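Sequence lines, in order, name chains A and B. Going by my numbering, 51 is the number at position 51 of the first sequence; the sequence numbering is gapless. Here my numbering = 1-based position in the second sequence + 241.
Some clues are possibly wrong.
Unchecked claim - Reference excerpt, derived from the structure (chain A facing chain B, CB under 8 Å, subset only):
#, residue
1, Phe41
2, His44
3, Val47
4, Lys48
5, Glu52
6, Gly186
7, Leu187
8, Pro188
9, Asn190
10, Lys192
11, Lys210
As the list claims (entries may be wrong) - Cβ pair distances, simulated, as ranges:
#, chain 1, residue 1, chain 2, residue 2, range
12, A, Glu52, B, Glu481, 49 to 59 Å
13, B, Asp536, A, Glu39, 29 to 39 Å
14, A, Arg27, B, Arg392, 45 to 55 Å
15, B, Pro602, A, Asn206, 27 to 37 Å
16, A, Asn206, B, Asn489, 22 to 32 Å
17, A, Asn68, B, Asp313, 27 to 37 Å
18, A, Glu26, B, Asn316, 24 to 34 Å
19, B, Asn489, A, Glu52, 23 to 33 Å
20, A, Arg43, B, Pro602, 28 to 38 Å
I should point out that these hints are in silico values taken from the structure, not numbers from a laboratory. Just so we're clear, the structure is a prediction, and the values are computed from it rather than from any experiment. Glycine is no exception: its CB is placed at the ideal position from the N, C-alpha and C atoms.
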Amino acid sequence: MIVLGSTSEVAQAFVEKALREGERFERIYLFTSNKETTERFARHIDVKFLQESEIIELDLTKEINYQNFDYITSSLLFCATGYLGEGTDEGLYDNKNTQRIIDINYSKLVPIINYFAQKFESRRSGTIIGLSSVAGERGRQSNFIYGSAKAAFTAYLSGLRNYLFDKKVHVMTVKPGFMATKMTEGLPLNPKLTATPKQAADCIYNAFKKQKNVTYVLPIWGVIMMIIRNIPEFIFKKLKL
Amino acid sequence: MKPNFIQKVTNWGNFPIVEKEMRSEDSFRKIKEFVLDHNEVIARGNGRCYGDASLGENIFSTKKLNKFISFDRLNGVIECESGVLLSEVLEISVPQGYFLYVTPGTKFISVGGAIASDVHGKNHHAEGCFSEYVLEFKLMVENGEIIICSRQENSEKFWATIGGMGLTGIILSAKFKLKNIETAYIRQESIKAENLDEIFRLFDESESWTYTVAWIDCLQKGKNIGRSILMRGEHAFRYELPENKNKNPLVLKKKFSPTVPFYFPGFVLNALTVRLFNFLYYKKQSKKEVKNFTDYETFFYPLDVVNDWNKIYGKSGFIQYQMVIPKETGKGGMKKILETIANSGNGSFLAVLKLFGKDNPEAYNSFPVEGYTLALDFKVNSKLKKLIDQLDEIVEAFGGRIYLTKDSMSRSSLTNYLTNVQSSKFVSLQHKRILNNTK
């Protein structure tokens with residue numbers, strides 16, 4: 001199994017869920033920009049499940065040497081990489097912030113998924129799970145740089161799913177909605193609309209087993225986003241969302 | 242959106258409720274920043290203590306310190322971060338043939354909380370407190386440094402932290418010993434006792450048992466006072482088990498656990514329903530003595546079966562009152578306590594009696610001292626403070642003390658027994674209340 005964004009609580013909860021369900025992997029490749037936290041997770045799954053793993057440092061903002069990953073074989077990729085950045089006000093006109101959001105959520109992320117997708121394609125098997133966001137469904141004033149990067153990522157996953165369909169590789173898009181994670185800590189989220197990483201992982205695992213194409217973590221988000229998508233633009237632009 | 246970490250926080254008794262800053266981090270660098278940036282910090286595990294012990298101005302939740310570090314499967318030594326729950330330890334240790342040496346009545350407490358409260362179990366008379374089996378822990382102290390505390394290293398901090406209610410720093414991780422078991426089952430005997438004299442006699446007779454505890458019907462009066470059921474148990478050996486349990490003796494079947502969906506309205510728990518519950522509980526066992534095998538979850542954690550059971554007490558919450566009265570005067574004290582409760586009509590749904598063994602003088606901040614301990618839960622209402630005052634008076638007269646982990650309204654002369662913990666950095670609501678209240 002390959003995990004991109006291994007410090008993500010949802011990614012870690014997903015790994016645990018899969019292991020608890022009895023899945024075993026020859027090795028779990030934990031890609032991360034934070035070695036310390038990931039090392040603790042690697043030890044944790046070793047203690048708890050006797051599951052071997054390997055930590056691979058990856059900084060998406062730097063040049064990546066793909067040859068270093070040639071030896072990696074796996075049939076499952078879980079991508080939880082994401083960066084919320086600053087929303088509007090201070091963040092909007094800060095080009096460094098904008099660039100970072102686009103890089104981590106889309107432009108630097110896609111080539112690395114492509115690299116592994118190609119491996120999956122040549123072996124004609126595997127599953128790619130990508131965590132996108134409901135923020136990508138319609139640009140809202142509060143976080144549309146992030147939202148636009150996630151919109152691009154959603155479109156990428158959808159195209160990839162289509163492209164890999166007859167090559168026997170499945171691509172699943174997850175749109176989590178609010179989650180109680182590091183990314184959102186301290187934000188005033190409605191608890192009824194907010195999933196814990198564990199809830200999210202359970203739901204993603206079930207969707208993975210059922211080979212779903214697109215899944216919301218909490219079903220309510222499907223309804224909310226349907227409404228949001230269908231608000232006419234001349235009204236939508238006046239809303240403070 | 243700017244982060245705002247102020248939130249409503251309350252412990253298991255839903256009383257009191259505070260609106261304070263609560264943060265959770267898994268990076269040691271960020272935890273250090275939090276400690277250095279704030280004046281009054283208190284660590285909080287899973288919030289399963291009852292009163293105001295883990296509440297404070299700036300709460301650090303150890304929920305994200307939830308990783309295992311090592312498990313020596315040969316010697317039964319486990320190391321994990323402080324936010325790991327006892328239930329998570331059991332999840333991996335039981336199938337390997339290891340159990341916690343000491344466990345309280347719920348498995349949903351954190352390892353850090355178990356040390357800070359120095360929890361005890363049904364085996365205190367035989368095996369002491371949780372701290373007996375702690376080899377070392379890592380503690381973040383006032384200046385943000387992380388020190389290793391053990392019996393040899395920083396031993397002064399080690400003993401101050403044990404039972405120290407979080408006032409010496411933030412416990413980050415701990416290493417402790419586990420006990421060997423052959424099966425996940427307990428050989429159990431339940432014996433009915435007519436009154437207090439009989440239950441005390443049964444406790445004395447059961448001294449050689451590892452686990453003993455009694456449930457008391459605390460609304461009985463006169464000659465029935467102390468009507469109770471004693472439960473005693475031992476970890477079952479494989480050869481003892483009936484055949485149907487012997488195939489896979491370390492693995493239990495997954496059980497359904499219902500969840501209490503909402504806070505019960507205030508009138509649901511009243512003197513009548515509590516009396517009825519106690520009556521039925523006592524009558525449920527028709528024979529004087531029952532011997533059977535039960536799985537460890539049912540034996541140790543009967544209440545954990547129902548998620549969020551604290552909600553049955555309604556929104557106003559409840560308190561747990563646990564005191565200990567030294568052995569010499571214990572029986573008389575218990576009788577007085579039970580009489581006072583029965584007369585007040587403010588019954589307790591659950592009243593649990595235990596005999597504590599000798600205390601460990603090194604663990605000077607631990608609650609248990611040799612004697613009788615009774616734990617009761619009371620719904621918070623307008624009459625409660627008066628009852629607690631009456632009970633406190635009796636406990637004081639008999640030279641007892643109150644368990645800090647459950648305290649939220651007892652008088653400070655019964656709860657100020659902590660030493661070596663004064664700190665301007667690590668401060669809890671409870672400690673402030675105790676210091677400010679001179680009664």
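Which numbered conditions among the earlier hints are violated in the structure presented, ordered from lowest to highest? 5, 9, 10, 11, 12, 14 and 15
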